[in-house]
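S.K.: Residue strings, one per chain:
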Amino acid sequence: MALQELTYRDALRKALADAMTENPDVVILGEEVGRYGGAYGVTKDLIKEFGAERVIDTPISEPAIVGAAVGAAMTGLRPVAELMYVDFIGMTMDQLANQAAKIRYMFGGQIGVPMVLRTQGGTGRSAGAQHSQSLEAYVMHTPGLRLAMPATVADAYHLLRMALTKPDPVVFIEHKALYTMKESVDLDAEPLDWGKAAVRREGRDLVIVTYSRQLHYCLEAARTLSARGIEATVIDIRTLNPLDFDTIRAHVERTGRAMVVSEGVMTAGVAAELSARITEECFDFLEDPVVRVAGEDIPISVSTALEAGSVPGPQLIADTALRMLAGRVPA
Amino acid sequence: MALQELTYRDALRKALADAMTENPDVVILGEEVGRYGGAYGVTKDLIKEFGAERVIDTPISEPAIVGAAVGAAMTGLRPVAELMYVDFIGMTMDQLANQAAKIRYMFGGQIGVPMVLRTQGGTGRSAGAQHSQSLEAYVMHTPGLRLAMPATVADAYHLLRMALTKPDPVVFIEHKALYTMKESVDLDAEPLDWGKAAVRREGRDLVIVTYSRQLHYCLEAARTLSARGIEATVIDIRTLNPLDFDTIRAHVERTGRAMVVSEGVMTAGVAAELSARITEECFDFLEDPVVRVAGEDIPISVSTALEAGSVPGPQLIADTALRMLAGRVPA
Amino acid sequence: MYEADLRATAGQTMAGRVGAGANTRLPELYRTMRRIRTFEERVGELFVRGQSAGSMLHLSIGEESAAAGVCAHLRDGDSFTTHHRGHGIFLARGADPARMMAEIGGKEAGYCHGKGGSMHIADMGLGHLGANAIVGGGIPAVVGAGLSARHHKTGAVSVAFFGDGATGQGILYESMNMAALWGLPCVFVCINNQYGMGTNIAQATANPNLHERAAAFGLAAETVDGLDVEAVAEAAERLVEGARAGKPAFLAVSCYRFYGHARKDKSPYRDPVEEEAGRRQDPVAFARAALIDRGLESESELDRLDTEIGSEMDATIDFTVAQTEPPLASMFRDVYAPEEPEPEPVRARIDRVLARD
Amino acid sequence: MYEADLRATAGQTMAGRVGAGANTRLPELYRTMRRIRTFEERVGELFVRGQSAGSMLHLSIGEESAAAGVCAHLRDGDSFTTHHRGHGIFLARGADPARMMAEIGGKEAGYCHGKGGSMHIADMGLGHLGANAIVGGGIPAVVGAGLSARHHKTGAVSVAFFGDGATGQGILYESMNMAALWGLPCVFVCINNQYGMGTNIAQATANPNLHERAAAFGLAAETVDGLDVEAVAEAAERLVEGARAGKPAFLAVSCYRFYGHARKDKSPYRDPVEEEAGRRQDPVAFARAALIDRGLESESELDRLDTEIGSEMDATIDFTVAQTEPPLASMFRDVYAPEEPEPEPVRARIDRVLARD
Ligand SMILES: Cc1ncc(C[n+]2csc(CCOP(=O)(O)OP(=O)(O)O)c2C)c(N)n1
Ligand SMILES: Cc1ncc(C[n+]2csc(CCOP(=O)(O)OP(=O)(O)O)c2C)c(N)n1
Ligand SMILES: [Mg+2]
Ligand SMILES: [Mg+2]
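Chains as they are written, first to last, in the numbering used here: chain A, 1 to 331; chain B, 1 to 331; chain C, 1 to 357; chain D, 1 to 357.
Treat the hints with care, since some could be wrong.
[To be verified] Part of the chain C face toward chain D, derived, beta carbon under 10 Å:
id, residue
1, Ser175
2, Leu219
3, Thr223
4, Leu227
[As the list claims (entries may be wrong)] Derived pair list, reagent style BS3-like, types lysine-lysine, alpha-carbon separation capped at 25 Å:
id, chain 1, residue 1, chain 2, residue 2
5, A, Lys14, A, Lys196
6, B, Lys14, B, Lys196
7, D, Lys153, B, Lys48
8, D, Lys264, A, Lys44
9, B, Lys176, C, Lys266
10, C, Lys264, B, Lys48
11, A, Lys48, A, Lys14
12, C, Lys264, B, Lys182
13, C, Lys153, B, Lys176
14, A, Lys44, A, Lys196
15, A, Lys48, D, Lys266
It should be emphasised that the hints constitute simulated quantities derived from the structure, not laboratory data.
Every residue gets a Cβ at the ideal spot worked out from N, C-alpha and C, and that includes glycine.
Chain A with its partners taken away, still in its complex shape (with noise of 0.2 Å):
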């Protein structure tokens, strides 16, 4: 076992590397990805240690990068697409809710799209209306689709080493602020299971259930809780498809009140799924309604302050849980 001090961004690059290394069909494709080496730098020298027929560079045709991604897939590849940002996806739509995610049922199982759509999201760059959604809404509510959404260095590593050997579609979508956070992670440890969520706090009071960069924000928010004697569960369901719905099922039982948190936007959003299912699976064990927390029903402005006042922070989170647990708290 061996300690790394690594941050998101050279996880997730040290995963391509490795399953490049492994898998010899393993392909990446997408604009920047080779000499640029990424916007966000994740592929950064990988075209000098695979070459330029293992990592395209492409033209800025999105439609077409998942189109032939698609086929790649089909034809013996193991292709890795990338968006450069997730808001990027609406031309891409149709190649991939159309095309990658209903080509094994349409054509009755004879074959599979085992590609990997990587691409990020989220606010925190000050990137303006279209460079800072959080879309996965959109790809959750798409049948035949996978979406995995790492929160912490680890994950960025096992999730996407994972995703490289699913046989079907997997969207991959990493946070932008998350990049160049740290963390100390024993690459070779045995990954919990693809589709099981991790539970990274736990407490008696209540549950929060997230994913992805707000992960964060409600772990911080748990610690002011703890501060005022409230125990929170934090929850990271790490893929949103496939969901394991039993982990959050066994926690919600036992504490009776559940909050989701997500930086899309609340109307049917992922949280809205998350608060449906638990209202239907636990709601005997309910003793507050489940609260979203969500981004706000807007679009996101490039000046910073309203780009911060668009999503949720620690501050609303720990707000709200304090405000669902008022009877228990001293004021």
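Using the hints provided, position chains B, C and D with the ligands relative to the given structure of chain A.
M.R.: Here is chains B, C and D with the ligands on its own, set in the frame of chain A:
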């Protein structure tokens, strides 16, 4: 007041014709909207009445059709763009979600995008996985887009007329199985307010919240239930954005039980939003968890049997209600 | 040098053709086209008998030369995608017409077990990466297949078949640009039947010389008259082999859509005079006449062949009618790989939710 | 006849240019370009001072001739969209640099009240339908604006400005096809600065003669050397007036991106020798030298002008720094029209949900 027997298709056509007569800036653009009269005949002969410069047949270029409508709406026209199937929305999500929906906001309120995107969705014609979807959740999850889905002939007319007066982009989704439905309607009647749900039936035992074709299945189920002594309130939300939650709340608080019914796939869909919202706002009134009856989390098959099995029908809706009220009904 | 090679090849084929000798492939091309024609006629009957899954049946009658001519130059290991009007192409590539018809009927015995239907037939064995109901939707996949061929050094080409209508879709240009940039073994075949639904190609573009666009992106690009299947086959040979050697290509085959867009469309938007002239551009009849003219086959031999094909295709209907619908439970299969759990049916979920007390 | 008209116009302009007479627009073009250059330099300073909203600042240094040359032929009522590197174009069209800088700083006083920033500046008064952070995203809007102009018979043109990178996007071809088909007053201006981020145009396409594509779709299409702003202006005049008369056009302006893609990029992927040569293709310096050579302005007059512009642009920074951020509550404004209710803040919703007991 003049009652007319009209089909859903003809009501839509009449709405377009009346709007075009009233407002010379209304233009239609899309594939086969002119000479062909629309794939489902909605725009039949409008080109004869209004000419090829107002009923514009386009090449097969969905992204640019929506993009051109955005530009037209910003420069003084009132475009009605048509997507032949909502399934093609995936190619246009960039123009729709990154442009149409965000322009007013990004530009600080300088200008709006008063366009209507007409399209149709749903199952019922053995049209297969890429021509049978219900994708309204993508739209509902996108702030800045209004969303209307008429279930009745009168609403087909009035909602479309109203959509054509709104200052913001409206996605208007018809249901392919409703075009030939006939009703006797009074087109001169004062329409209900835009954004107001319609209570299609009142009953003391539970509330069924739905929209589009599923309204008819819910009403059919309600009649079955009534014969079994169960009285359901059926709410047709008609516009998903804006959403008239007040009407829903009032009835759920009264009955204590709610079911939401949608043809779209269940996970992260419209039913999830409705369920989450009802739970949040009516929790103390609920005797049962809100139950979602929605499309299966699978693509749609061309086989008629599998197609019908993939979405809710009157039987499933009635069965679910019976189970919810099991205590009340003689076995 | 490369271009010179191509010209040489082309010259040879031409020579082969002019001499009506043993090395002509016309009999084989005729047979393929006739099988397509007859199959499509039977699809029409299936619909009339109410046995097709839906009415979205797009017949390729009048376009047989594109399918036969191009597929004549595909090999084992090559792959292709088609548009929604792809029955003929798949047949030309060797499909079993009975399994095709069963798929069109939405039956379990079909190529896709009734999940796909006419617009989503595929067969990995024959390199058919899939028909598509999205205009242009299948085009970029051939770029990916081209990358695979390069990576695995298979020498395979991948061909995208699509209609003139798909030239309105931006993804075509994105795909051609990539193929040309990377020198991939890809061929883009545009079956220009003059119409996209009710829209004539001249109403869809200011410049209907479609191959000029491909040339501007750096592909080898030609237009050929689809009346003459041998001309199509020659152009296809040149371009397919060029693509195999690293020069991706575009071929527009000019033809005429004999009937409506789909089974229910009677083409009221077309001038009957134009339709009549269009239907005279019949590649099957043209090839038949050429076979007789050149003394390659006699009329009676061809009649016999046609009858034989008729029986073969009749059998596909009987087969289809006798087949069963897929079982309802199969609905949850194939969303994900077989080793993955199936999605939980809504009914089961509701049962679970309501079984709580 | 139409083409002949165009040639005649072109000829005239040429003549006007060769004689370095009073009717040259070079002084004005120089002034516009110098203002752009200086403004962009100040944007760089704003970033260094930590006063810009984010680091996604794309400077158009080296590309000034495209902005100045094309905008010289736009009139009141014309409209345009730009890409993410659009400061110069907007300035050339008459923008107030202080409000631009304030927007780039994310301030309330900016053109979009700090919601848009560098990549989403717009101004309906000047016909600026918006900059775009989606490569190619603003292109189809000009087709719609062209339809409006036709409908309202305004005689206006609409111009899409975009980079060479956008030629990878299918929506460009869809839009050009529509414009050509309908004869709309649209001009597509490709500012070919040789790079899309780290990708040279030769690494993005097999045929970098970009205008050939537009020609294949039926547009009037040219490439012009951006070193010479007068050449750009002449081509623009020809093509813009052609578009006004119903012949949509494409113009590629060849230039060089002097600095990195965005403020933090140091272009490590470029050869320093190439960069040096590229920066010698300086349209501002070239115009300055021409003004002096032709005796139109003296060096000291130009120095004075440059200093004046320097002060004007310095003031934009001071202005911006002094401005306030937009109020937090403005966040909920402008999602929908002012007469519509604002979205309910999450915090208010949660309060309501939890206030139940
Ligand atoms: C993306 C998309 N847009 C529109 C349609 C509806 N549609 C189906 S076929 C067709 C015409 C296609 O014309 P063409 O490509 O020439 O093929 P053909 O039908 O002539 O074989 C249209 C518009 C579709 N299926 N997909
Ligand atoms: C759809 C989309 N894809 C990718 C990007 C990321 N991106 C921003 S600018 C750029 C390069 C654009 O190059 P070009 O069009 O030549 O414009 P330039 O930056 O050279 O002015 C890229 C890839 C984007 N913003 N939008
Ligand atoms: Mg066609
Ligand atoms: Mg560039």
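S.K.: All the hints need checking, so say for each whether the structure fits it.
M.R.: To see whether the hints hold, each was checked on the structure:
no. : hint                  : verdict
1   : Ser175                : 9 Å, holds
2   : Leu219                : 8 Å, holds
3   : Thr223                : 13 Å, violated
4   : Leu227                : 25 Å, violated
5   : A:Lys14 <-> A:Lys196  : 22 Å, holds
6   : B:Lys14 <-> B:Lys196  : 22 Å, holds
7   : D:Lys153 <-> B:Lys48  : 21 Å, holds
8   : D:Lys264 <-> A:Lys44  : 16 Å, holds
9   : B:Lys176 <-> C:Lys266 : 21 Å, holds
10  : C:Lys264 <-> B:Lys48  : 23 Å, holds
11  : A:Lys48 <-> A:Lys14   : 14 Å, holds
12  : C:Lys264 <-> B:Lys182 : 22 Å, holds
13  : C:Lys153 <-> B:Lys176 : 47 Å, violated
14  : A:Lys44 <-> A:Lys196  : 30 Å, violated
15  : A:Lys48 <-> D:Lys266  : 20 Å, holds
Checked against the numbered hints given earlier, the structure breaks hints 3, 4, 13, 14 and satisfies all the rest.
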